[in-house]
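Numbered per my numbering, the sequence shown spans residues 1 to 331.
Think of the hints as simulated: they come from the structure by calculation, not from any bench. Small disclaimer: the values here were computed from a predicted structure and weren't measured. A few of these clues could be false.
[As the list claims (entries may be wrong)] List of simulated lysine-lysine pairs, DSSO-like, C-alpha gap at most 30 angstroms:
{"hint": "1", "residue 1": "105", "residue 2": "329"}
{"hint": "2", "residue 1": "105", "residue 2": "132"}
{"hint": "3", "residue 1": "277", "residue 2": "301"}
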Amino acid sequence: MHSYPRSAMACHARFSCAQTLPSSSLRCNPANQPGLRSGGVANLGLIRSRNTVRWGVRAAVSETMGSNETSWVEFPKLSSAGKQLMESVAVMMDRELGALIKDSKTPADVRSFQGGTGEGSVTLRAGRLGSKIDLVLGSWLNCSLSFGALNIATLIAMMGLTSDAPHLLFEFIQSGPDSLVLVLDLVPRTDLVVDPEYLARFYENSGLEDIRQTFEKHPQTQPHRPSALYLRSIVSPTALLYEISGEGVEGGLDAVIADLVQPAAVKVVQTWVKSFKYLGRAMDSDAMAYMKTRDDLIKRKGVEVDLSANMPRLFGQEIADRVVAAFRKGV
Numbered sequence: 001m002h003s004y005p006r007s008a009m010a011c012h013a014r015f016s017c018a019q020t021l022p023s024s025s026l027r028c029n030p031a032n033q034p035g036l037r038s039g040g041v042a043n044l045g046l047i048r049s050r051n052t053v054r055w056g057v058r059a060a061v062s063e064t065m066g067s068n069e070t071s072w073v074e075f076p077k078l079s080s081a082g083k084q085l086m087e088s089v090a091v092m093m094d095r096e097l098g099a100l101i102k103d104s105k106t107p108a109d110v111r112s113f114q115g116g117t118g119e120g121s122v123t124l125r126a127g128r129l130g131s132k133i134d135l136v137l138g139s140w141l142n143c144s145l146s147f148g149a150l151n152i153a154t155l156i157a158m159m160g161l162t163s164d165a166p167h168l169l170f171e172f173i174q175s176g177p178d179s180l181v182l183v184l185d186l187v188p189r190t191d192l193v194v195d196p197e198y199l200a201r202f203y204e205n206s207g208l209e210d211i212r213q214t215f216e217k218h219p220q221t222q223p224h225r226p227s228a229l230y231l232r233s234i235v236s237p238t239a240l241l242y243e244i245s246g247e248g249v250e251g252g253l254d255a256v257i258a259d260l261v262q263p264a265a266v267k268v269v270q271t272w273v274k275s276f277k278y279l280g281r282a283m284d285s286d287a288m289a290y291m292k293t294r295d296d297l298i299k300r301k302g303v304e305v306d307l308s309a310n311m312p313r314l315f316g317q318e319i320a321d322r323v324v325a326a327f328r329k330g331v
């Protein structure tokens, strides 16, 4: 979601991963940082040892994260903590969406492909007719680039037109053993400036800003500023857009993922589930037409700019065409 995933909500922003990566010189000396206050995710406490600093979570993480259920999408190239996080969230989405989405009919050569400089998988699940869900996507990419391996995992839920609830966007972008970019948001489906009620209903009264503040104050994070103005224009004010470092931390990046990112991700996804189950509202025909236009533009931007432009450079034109075709069909 920085200079390489250029329009993440457009469903495949991560395919621009061959572009310039963000600086790896993240703020990673916790000893020089002020104490972290309690946030909306968990009570985080600083645990100091002789030569390292470790952040511990003194809160119960959702039992969902310990699930032994089989995920509909897997993330084989991530670190152990990243793999557990993404697959557990995928299981949570599957459980909560239930009868709203169909089983995947994504072709086998889209669910697994290899070519050019990497390998990957894209799994699509369409919403059932008349349901609140339009499309669910899970994918991973592993690219061997000049600086090393780049691993990008994505979970997206695009909402249908029976409700005005936000879309869900979750991207986990790991460019090294101690470097992570997190993109996690409930993407609004209207202009928040002219719709303060929508802003209050899904964001101001949700606790999402407390979660964002936890990241803002954490010594292992710094804000991620996407280069694409388009992306900045579609995310919410409470979006988690952060670069995260594991340097100088006992247990490295996986410890930060387990202590900070995992409980935050669970809370955000639970908030999204609540939003589409209980807070979304039906729309009149004019509002529905506006929202359809907005949703379609977001999808089209993802295909035309990100998929079509960047996948051929990584995987070749044939694979790119297969993935684009599957996405356009929504299968």
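Quick rundown of the hints versus the structure:
1. 105 / 329: holds (10 angstroms)
2. 105 / 132: Holds: residue 105 and residue 132 sit about 19 angstroms apart, inside 30 angstroms.
3. 277 / 301: holds (28 angstroms)
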